[in-house]
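First to last, the protein sequences are chains A and B. Just so we're aligned, residue 911 is where the first sequence starts under this note's numbering, counting upward by one. Just so we're aligned, residue 1266 is where the second sequence starts under this note's numbering, counting upward by one.
Source of the hints: derived by calculation from the structure; they are not laboratory data. All values reported here derive from a predicted model rather than from experimental measurement. Ideal placement from N, C-alpha and C gives every residue a C-beta, glycine not left out. Among the hints, a few may not be true.
Rough simulated footprint, nothing fancy, chain A against chain B, three-plus residues with beta-carbon under 8 Å [to be verified]: (1) 1384-1391; (2) 1487-1494; (3) 1568-1581.
What follows is the residue order along each chain.
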Amino acid sequence: MRHTLSILVENRTGVLSRVAGLFSRRGYNIESLSVSTTDKKEISRMTIVVEGDQKTIEQVTKQLHKLIEVIKIYNITGEEFVERGLAMFRVIPTPENRAELMQVVDIFRGHILDFSPTSMIVEITGGEKKILAFEEALKPFGIAEVVRTGEIAMVRGGKSKNAKGENND
Amino acid sequence: MTSTGAEVLIRALEQQGVELVFGYPGGTILPVFHSISKSNIKNVLTRNEQAAAHAANGYARVSHKVGVCIATSGPGATNLVTGLANSFLDSIPVVAITGQVKSSLVGTDAFQEVDITGITQPITKHNYLVTDANDIARVVNEAFFIASSGRPGPVLIDLPKDVAMFACSEKFFDQLDLPGYKPNYKGHAIQVKHACEALQKAKHPLIYAGGGIILAGAYQQLQTLAERISAPVVTTLMGLGAFPYEHSLFLGMPGVHGFPAANYGLCSADVILALGVRFDERVTSAVENFAPKAKIIHIDIDPAEISKNVSSHIPIVGDVKTVIEDMLKRLTPVNNQQRLNEIAELKSKNEYLQQRIQSDKLNPRQIVEKMSEILPADTLITTEVGLHQMTVAQYYRHCYPGCFLTSGGLGTMGYGLPAAIGAQMAAPKRKVVCVAGDGSLQMNLPEMATIKAQKLPIKVVLINNSCLGMVRQLEDVSYPGEDLFAIDLEGNPDFCRLAEAYGWQSYRLEKTEDIDKVLIEAFASDQPVLIDCIIDKRDYVYPMVLADDPLDKMLMP
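Isolated chain B, as found in the complex:
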């Protein structure tokens, strides 16, 4: 039996269990959209390809499947780039399919031609330019396997229009032939033994856990491990939710805007167990001063992360869940009351954060804390990037893994709103709330129309300070006394009226005493709602560690 390349592509996607794609059509990708229209796969039409890539990311993170986004050649493909880079840095499994000009025109600077496999080489786990329709089924099979196995990441398939239209054999592959790709899941037994010995001997052990815990689904193992050896836990921005916020061993998020207890904890630990983390510079600050006293055990599925930024004493390459399980077979319980007292003492340093909530003036901390109180525990929270994002990281009581979707590695303004679309499509019955700043929201603002069109009851909590708050804070601290430059978002629209123009409900929140009423009413709606919260420009995020300072040197005015 023969079909066209596009038909084979769609059937290969169906074989992978794809039910939903985020796509934006155009000339060269039209045969693929034509085949989608004849299939059971649903297409969500975003308003910009970048949003399709972010939505696929949000969908992947909530559904635990591979997210798929589709764009046409040229500008369609280049618009995907930010979204793919974002998924690459946060290790989210996404497959992107782009149209390409027909094979005979490739390399001629044809209309809407770009070398997208060349452009995306550094920001994809792998990519393909398909030149023969008979390769399509194999390529799709490989792409999904590569995207979702080992350290997950985005894979791009570039498909010239004529290849999509060629008649080809409909032969599917379940065998993979990737001689150069063999992720290692099982940790080295002797290294595991060394790690366990170091942890049992440690006086001040500390667990530093990241997004890898969530990707590997290792949160129960993490909690058992921490409780078994009475070790405090810090989780990175990507790892928030991997360990219960209310747990007595939880010190919070470390880093530049970290919890005081987490930063002090990292500086004083004698053994650090790093699980699915990459010692990002936002966490370590001055890398040469990072955890000066600690012996470091680093467990990660990606060998290249080991000793990349910080040298590790006991490296273990493997799936973090499998390795923790192996460790739990060896580790004996540590019941050390003195250590628990020390942890409680360390934790008291986080009271600083609580003290910053109370104020007569409306501040984002009060709003986020109230959200934590009234939203169901399985609510999916997405954020944009900036002060509001750090406020959610610090004040939202993340208690379930995978409920917090944010752009960690790339720090992409414009991620939150489209990611909320993906999240809501993956979990139609759960509440989805996007916390945004007025700068970030405007990066992918037109997605408000996608949300309306798809009838998604997404809530946007807009922390509106009429400026680029995080950059403002940085300018203020870096160039004290000087005029602030290029941060005023003069000309902002009236966001409530804008929301109404998109067919959304809206509220304006200006007073502390209205928080309860507005949030409860807004979150109860079955419609999309925007809550415009008017915040002072000088309301900054603290603590703050300045560039090249050690973690325990925190600015707290």
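In isolation and in its complexed conformation, chain A is listed as follows:
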């Protein structure tokens, strides 16, 4: 099963390598990872999507907790949440199907970021499934390059998942 972990860590050099190293040496597989600072500059948030059964995820969580710089771990998999990733595709349309490509981008509510006589860069944001569906739709046009971010996620409703715990606003 796919699990989404939202992890608050101290914003210090080396934290990312500690977390990534833990996954690799204990044989856990990271599906996607994204890191950035939060509204507090001393705290960063990592969103990690990891594949594994309940037992594996329990071990991942406990081992992550042992890292001194990991402050809080939320496994939000069981909750209602929104997730977003961003992807950019360099596509090589022909003059004949260029209009069709622009329609596809429109259907997925994507954007065209760059336009040249021989290629286009299109952008999409969305959950894992939407991005994969968009990629499938672009394939007939010829994809020359893909760049994707890891996913980020936030639980729906008024509850925040912060370093100090869950806060009701």
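Starting from the known structure of chain A, fit chain B onto it as the hints suggest.
Same frame as chain A, but now just chain B:
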């Protein structure tokens, strides 16, 4: 007031109560050694940094303080690695300080530069690369707290030379700001209640206790608990001494080379109370066949150990001493004569071990048994790793907690001799004996010079079979009938003459009838002594559980 980073470092160590460090100097760590020389801290110069790390481990285990080792950058730092991994796996509080090339050179593959914080990430509880001298006091304070609290372990501080030489403010911290580190000491009350109910209802309860009991100082509580509910006790290699060897409830050490009674006991128990243990594969053997009938109650301070190897039915995260105390408030005495009879019956299976002692040929069991008889009960015993180590585990009558220092998790050949240095420095008045094999002893052999230089009256009982005995046994059993490979220690020196070259006294023991005389004389000496005991190559350790076999399938020829 301003000082250099190195001066602040040394004062921060003094504030932590450090009186002694095990260090080996070099270019980048020189400012730190210069500051040590101006302080009241004593440095013990080992002959290899690995030995400094093991000595710090031995010192920590005996003094109940944090052991400190210091090395220079590059090869000095990498030599510490085995020692740190050893302390990590056995949960021993050690702080390692390494020099680093100056900040402007970090990352350039400079002379004697290695990324030691990167290298030690998986084998330290935490580590630091200090980039600002003003952080030194805070980092030292945190490092000692992290090393010694919760589940103890090693912490490394990497200090670039220029940071050690910077002028910085001498501001000390007693406040800790570690938002992500909050060890849990108190067990969950409802879980404690469940555990007590399960134990009271059990027909064949068994206590499986480990190194956590010794680290938590919970041996009295353990004994009270076992006697209260009339439960037999097995202790792991790391837990030997946590429960009295002579006690009627003691079944011995379980595992691959365990006591028969301990292994049978684990297989037949209906409730197992696991205290400060981690269900290591050396104990469980085939994990899927481990304790098939048992409901498992697991108490450990490290949540990640719960259900890591063996699923537990009643997990309790907390300090094992605090949790046992809470349990004792609930548990009512169980007086069940039938159960005590069953335990006595189970214990009789250990007679197998006794039967293996008698022989006309000199064997290590006779030697270790005699050691037990003549050494004072508070003697500190260290071992290397191999057949001699298992012999000490099986035949030495461990009766005091914390007197047996061995490399449990990592199984480090070369641990025993330097650990003896640390042990003797922590307890100058106690007897310290290192039992070694001829393979292991040679891993950190030059420490004989450190022992001489420090005037430590350490005794080495060398179980000398001129080969790598444990590997020999493994090859013999795994590939029967085939030629033995790469285990013959051809070219071994004459260890008695070698000892004399280091300024030690020495004895050679070849006959059973000389054991008493040689041991008594050697142990009475106030000098370091090596006793070279000549043993047959085919003298193996039994019982033996083969890989992937269940614990009750013991090889006993």
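Quiz item: Can you list which hints this structure breaks, lowest number first?
Solution: As far as the earlier hints go, only 2 is violated by this structure.
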